[in-house]
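Q: This is what each chain is made of:
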Amino acid sequence: MKKFMKKIVLLIIITLMGQFLLASKTVVYGDSVSILEKETSALKRANQELELKIASQISCSTIARKAAEVGFIPIVDTNQTKVDFSVALRR
Amino acid sequence: MAKRIKWLSFLFFLGFLAVVAKLFFWQVWERKHLNTLAARQYSVSLDVPTERGKIFDQDNFPLVLNRPVFLLYANPQKLKISPKELAEKLELFNENKKPDLGTFLDKTLLWVPLIKDFGEETKKKIEDLNVEGLGFEEYQKRFYPESSLSAQLLGFVGDDGQGQEKGFFGLEGYYDNELRGKPGWRFFQQDALGRPMPIAEETEEKSVAGSNLFLNLDRSLQFLVEGRLKKGMAKYGALQGSVVIANPQNGAILAMASFPNYDQSQYYLFDPELYRNPVISSSFEPGSIFKVIVMAIGLENGVVKPNDICPSCRGPKTIADYTIKTWNEKYYPDSSMTDIIVHSDNVGMVYVGEKIGASRFYEFLEKFGFGKKTNIDLQGEISPGLRGRKEWREIDLATASFGQGIAVTPIQMLTAVSVIANGGTLYQPQVVKKIFEDNRSITIDPIKKSRPISGKTAKEITTMMVQAVERGEAKWARPEGYKIAGKTGTAQIPIAGHYDPEKTIVSFIGFAPADDPKFVMLVTLAEPKTSPWGSETAAPLWFEIANDIFRLWGIPPSY
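Those protein sequences? They're chains A and B, same order as listed.
Quick note: the first sequence, position 45, residue 45 per this note's numbering, numbers continuous.
Quick note: the second sequence, position 6, residue 6 per this note's numbering, numbers continuous.
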C-alpha cells in the first residue's frame, strides 16, 4: 500500500512537471508569435512609409520643382514652326 | 450525544445543500453569463482590415497608394483635465479649430471623435502631451503622389453612407469591386498578458487585399499634357478644356486631362459637377472635325473619290428654309473632295452627305460607334443618342455632314478617328492594361469591336487629313518635319433651340506620324476668348503637345 502511494505521488509529480513544461513552452511560443506579429507589422509600416516617401520624391511635380530650383528650363522648341501669322491674322 | 450527532449531520447536510445550490446557480443558472464573461477574458476576435488596391501607370509608378492615418478620440469618463484645457492643448493639431466642448460634459459617452486624418508625426506629438483619456484609431487613406494629376480619370474614395469605403467616378468607381478587397477576421485565445495561446482553438478568415491596377496611362505624358492644357486655357481664355490621347493601334488611353478639375484627396471641398470627366461624360456638337468621319463614309461606300469635283460648291446651298454657307463665305467651284476637307467646306460636305443618303449615313455612324457607349473602363460614361434611322430629314443630314445637329462625346470622337489612324478597326478604349490580384496577373487584351472602313479608305482619308494640316488654316502652327493628319473644328453651342452667336467649342483631332500613327489626340476648348476658331486655339495647342510627344518618345522628323 505504501509503495503504491509512493507511485501515485511520483506520477502526480511527473504529470505536474509535464503540465508545467507544456504550459511554459506554450507561453514561450505564444510570446514569440506575438513578437513576430509586432515585427511583421512594424516592417510593413516601415515599408509603406518608404513606398510613400519614394513615390513623393520621384513624382513629376517634385522633379519639375527641383529642376526649376536648380536652374533647368524647359526645352526650347528648336524644331518649331516658321511662324506665319499671315493666315492667323486673317481669321 | 446521538442527538448532537444528528444535529451536526443535519447542519452538514444543509451546508452541502447550500454548496450544491450555489454550484447550481453558478454552473446552470448563470452559466451563459459566466461563460460569456470568461470568453471575453481569454477569447479575442479581431477584424483583419484589408488594403484597397493601388493604381500604377504604365511604368509601374504608383498614382494611388494608401497611407496610414489616425483618428484621435476621447473617453469623457477617463478625462482628468477640463474640456477647455483639452481644447486648448489640441488646438495646434486641429487647424486651429476647437472641438465641441459640450460633448465632453456628457459623462455617459465613451467615445468622442476629436481630430481625424493626421499622420504618425502628429500622433507622437499628441502622445507627448500625456493626456489621460485620449486614444487613437488607425485606418488607411488614399494618397496621391502626383497630387491632383489625372483626378477625373482616377476618381476618388468616399463613404458609401454606411461607414464603408466606396470608389466614386473614374477608375475608383468602375473597378470598385476589384480594388476594395475583402476584410477578414481572426478568433483566438490569449493568456493573461494578451499573448496568443497556440494550443487553444484558433479560427481565421484571411483578408483578401484589393487588386492592383496597372494602367496604359503614361505619367510623364499626362504631366506634360496637364501643364500644356492649363497654359493653353489661360492663353486662349477658355472656360473649359480637355485633351485625350490614345494609341490608335489598340485603344490604350495614354493621357486624359480636363480643366477645371478637383483634388481627389479633398474632393468634398469642390463642386460635385467637377467630379465628372468631360471626356466621357459631356457631349458636344463636334463641328468640322466630324467631316473626316463623313468623308470616310462617303469614300468607303464609293459615292465619292478623293479627286471627284464637287458640282454644288459654287455658292450657298438652300435646304427647306435654311441656307448653308461656308464658314468664311468663300466658295471654291472646282473643289475636289480633298479640297473640301482642306477648306473645311460646309457646302461640299452637304454634297457628300446627300450622296451617302440618310439610311447609309445612320448605319455607318453606328459602325463608327456613335449613339452608344464606347464601354471605356471608367465610371460615368454617357452616350448622346442618335436620331432614329427614319427620323432624318434632309436638313438633319445636311447639318450632320458638317458636324452640327449631332452630339458626340470626346471619347467617341477619338475612338472613331482612331479607326482611320489604324487602317479601319474600331477598338474599345481601355485605361487599364493589367489587373494584379492574389499573385495572379490578368492582362486585358485590346478589344476589336468592328471594322467600319477598309484599309484603302483609311489611307485615302489620312492623305486628305495630312493635306488639311499642310494646306489648311492651322498650317502656320504645325511642327516642321512631321507628317501629321488632322482636322480643325469650330462648333457653335446650341442653347434653347438655337445656336449661340458668340460662343464656340473649338477642337483639333489628329494623329501622327501619319504613315505609322503612334498616337491619336483630341483637344477641345470651350468658349475661347482670344479667337473663336479652332485653327487659332485648339490646333496650336495640339501641335505643342504633339511636339512634346515627339521629344518624349524620341520620334524623329520624317522629312
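Think of the hints as simulated: they come from the structure by calculation, not from any bench.
In this text, a Cβ means the ideal position worked out from N, Cα and C, and glycines have one as well.
You may find that some hints are simply not true.
[Unchecked claim] List time: in silico BS3-like cross-link candidates among lysine-lysine, alpha-carbon distance up to 25 Å:
#1 53/A / 373/B
#2 433/B / 38/A
#3 44/A / 235/B
#4 433/B / 182/B
[As the list claims (entries may be wrong)] Reference listing, derived: stretches of chain B covered by chain A, where coverage requires no fewer than 3 residues with Cβ under 8 Å from a Cβ of chain A:
#5 61-72
#6 137-146
Q: A separate judgement is required for each hint: does it hold in the structure or not?
A: To see whether the hints hold, each was checked on the structure:
About 39 Å separates the Cα atoms of residue 53/A and residue 373/B, which puts this hinted pair outside 25 Å; it is violated. Between residue 433/B and residue 38/A the alpha-carbon distance is near 36 Å, which puts this suggested pair outside the 25 Å criterion. With a C-alpha separation of about 47 Å, the suggested pairing of residue 44/A with residue 235/B is violated against the 25 Å cut-off. Between residue 433/B and residue 182/B the alpha-carbon distance is near 23 Å, which keeps this suggested pair within the 25 Å criterion.
With 6 residues bearing a CB less than 8 Å from a CB of chain A, the stretch 61-72 of chain B meets the requirement of three and the coverage assertion stands. Closer than 8 Å: that is the beta-carbon criterion, and the stretch 137-146 of chain B has 3 residues meeting it against chain A, so the requirement of 3 holds.
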